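Peer 1: Each chain, letter by letter, is given below.
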Amino acid sequence: EAGVTQFPSHSVIEKGQTVTLRCDPISGHDNLYWYRRVMGKEIKFLLHFVKESKQDESGMPNNRFLAERTGGTYSTLKVQPAELEDSGVYFCASSQDLSREQFFGPGTRLTVL
Amino acid sequence: GQNIDQPTEMTATEGAIVQINCTYQTSGFNGLFWYQQHAGEAPTFLSYNVLDGLEEKGRFSSFLSRSKGYSYLLLKELQMKDSASYLCAVHRGSTLGRLYFGRGTQLTVWP
Numbered sequence: 001e002a003g004v005t006q007f008p009s010h011s012v013i014e015k016g017q018t019v020t021l022r023c024d025p026i027s028g029h030d031n032l033y034w035y036r037r038v039m040g041k042e043i044k045f046l047l048h049f050v051k052e053s054k055q056d057e058s059g060m061p062n063n064r065f066l067a068e069r070t071g072g073t074y075s076t077l078k079v080q081p082a083e084l085e086d087s088g089v090y091f092c093a094s095s096q097d098l099s100r101e102q103f104f105g106p107g108t109r110l111t112v113l
Numbered sequence: 001g002q003n004i005d006q007p008t009e010m011t012a013t014e015g016a017i018v019q020i021n022c023t024y025q026t027s028g029f030n031g032l033f034w035y036q037q038h039a040g041e042a043p044t045f046l047s048y049n050v051l052d053g054l055e056e057k058g059r060f061s062s063f064l065s066r067s068k069g070y071s072y073l074l075l076k077e078l079q080m081k082d083s084a085s086y087l088c089a090v091h092r093g094s095t096l097g098r099l100y101f102g103r104g105t106q107l108t109v110w111p
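Just so you know, the protein sequences line up as chains A and B, in that order. Quick note: the numbering used here has the first sequence finishing at residue 113, numbered continuously throughout. Quick note: the numbering used here has the second sequence finishing at residue 111, numbered continuously throughout.
No lab work stands behind these hints: they were computed from the structure. For clarity, every value in this text was computed on a predicted model and none was experimentally measured. Quick reminder that beta carbons are idealized off the backbone N, C-alpha and C, glycines included. Any given hint could be a false lead.
Unchecked claim - For lysine-lysine, the following DSS-like pairs were computed, each having C-alpha atoms within a straight-line distance of at most 30 Å: (1) B:K76 with A:K54; (2) A:K78 with B:K76; (3) A:K78 with A:K54; (4) A:K78 with B:K81; (5) A:K78 with A:K15; (6) A:K41 with B:K76; (7) A:K15 with B:K81; (8) A:K44 with B:K57.
Stated by the list, open to error - Facing chain B, from chain A, some residues (calculated, C-beta under 8 Å): (9) G28; (10) N31; (11) F65.
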């Protein structure tokens with residue numbers, strides 16, 4: 001069984017540019033999560049999809065971040081325009097249901113210069 | 001926010017036993033996860049405790065005391081490959097699937 005995959009693994013962009021991160025969850029997992037780890041801090045929740053619907057987006061920092069999950073399969077997280085403080089590692093995770101373990105992807109390391 | 005505390009770093013030698021503690025203060029506690037993360041890789045699931053007590057899974061065991069807001073991960077017969085970051089994460093019933101993480105404990109195993 002393929003795990004959660006994320007693309008790209010690394011991205012270096014300049015302040016003001018746009019970046020789109022992609023996550024492919026484990027097949028059949030309705031729940032998809034985005035998290036972020038800023039250097040020196042803990043992993044923090046961004047949002048949660050159930051199929052194509054946003055169940056909880058209370059962790060999204062501001063309206064420069066837009067997440068989508070059209071068709072309820074893969075998800076994208078777009079940052080536009082990127083700011084310096086957006087640098088960090090963005091993790092995606094998926095789960096079969098809410099009470100079971102979340103399977104994480106390897107993350108996308110975003111650096112905003 | 002949720003106060004989830006764990007030591008920043010720990011060291012141990014091969015073959016030894018190490019206990020990584022995690023304390024939390026949260027409302028609506030549902031359960032506690034432990035994840036292992038090697039540098040540059042995805043966090044991988046180790047255990048999930050909902051009820052009080054010890055759960056053993058091979059060389060790894062996890063304990064939970066809901067009344068004390070306390071958990072620990074016990075690693076036995078340490079191996080070099082156990083060098084990694086260990087993440088404690090709380091699941092609250094009121095916030096669906098969202099996990100609240102501690103900062104992680106970086107464990108280094110020496111030969």
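Peer 1: Quickly compare the C-alpha distance for K44 of chain A and K57 of chain B to 30 Å and report which way the hint goes.
Peer 2: This hinted pair holds, its Cα atoms lying about 27 Å apart.
Peer 1: Is the straight-line distance between the alpha-carbon of K76 of chain B and that of K54 of chain A 30 Å or less?
Peer 2: violated, 41 Å
Peer 1: Given the hinted pair K78 of chain A and K81 of chain B, is their alpha-carbon gap at most 30 Å?
Peer 2: violated, 36 Å
Peer 1: Hint check: K78 of chain A vs K54 of chain A, CA-CA at most 30 Å. Holds or violated?
Peer 2: Given that 30 Å is the threshold and the Cα spacing comes to 15 Å, the pair holds.
Peer 1: Check whether the Cα positions of K78 of chain A and K76 of chain B lie no farther apart than 30 Å.
Peer 2: violated, 43 Å
Peer 1: Does F65 of chain A pass the interface check with chain B, least Cβ-Cβ distance below 8 Å?
Peer 2: It is violated, given that the least Cβ distance between F65 of chain A and chain B is near 16 Å, above 8 Å.
Peer 1: Quick check on the hint: G28 of chain A CB to chain B CB, less than 8 Å?
Peer 2: Because about 16 Å separates G28 of chain A from the closest Cβ in chain B, which is outside the 8 Å limit, the hint is violated.
Peer 1: Between K15 of chain A and K81 of chain B, is the straight-line Cα distance small enough, at 30 Å or below?
Peer 2: violated, 38 Å
Peer 1: Hint check: K41 of chain A vs K76 of chain B, CA-CA at most 30 Å. Holds or violated?
Peer 2: Between K41 of chain A and K76 of chain B the Cα gap is close to 28 Å, so the pair holds against 30 Å.
Peer 1: Hinted pair, alpha-carbon criterion (30 Å max): K78 of chain A, K15 of chain A. Please report holds or violated.
Peer 2: holds, 14 Å
Peer 1: Would the stated hint for N31 of chain A survive a check requiring a Cβ distance to chain B of less than 8 Å?
Peer 2: holds, 5 Å
In terms of the numbered hints stated before, the structure departs from hints 1, 2, 4, 7, 9, 11, listed from lowest to highest.
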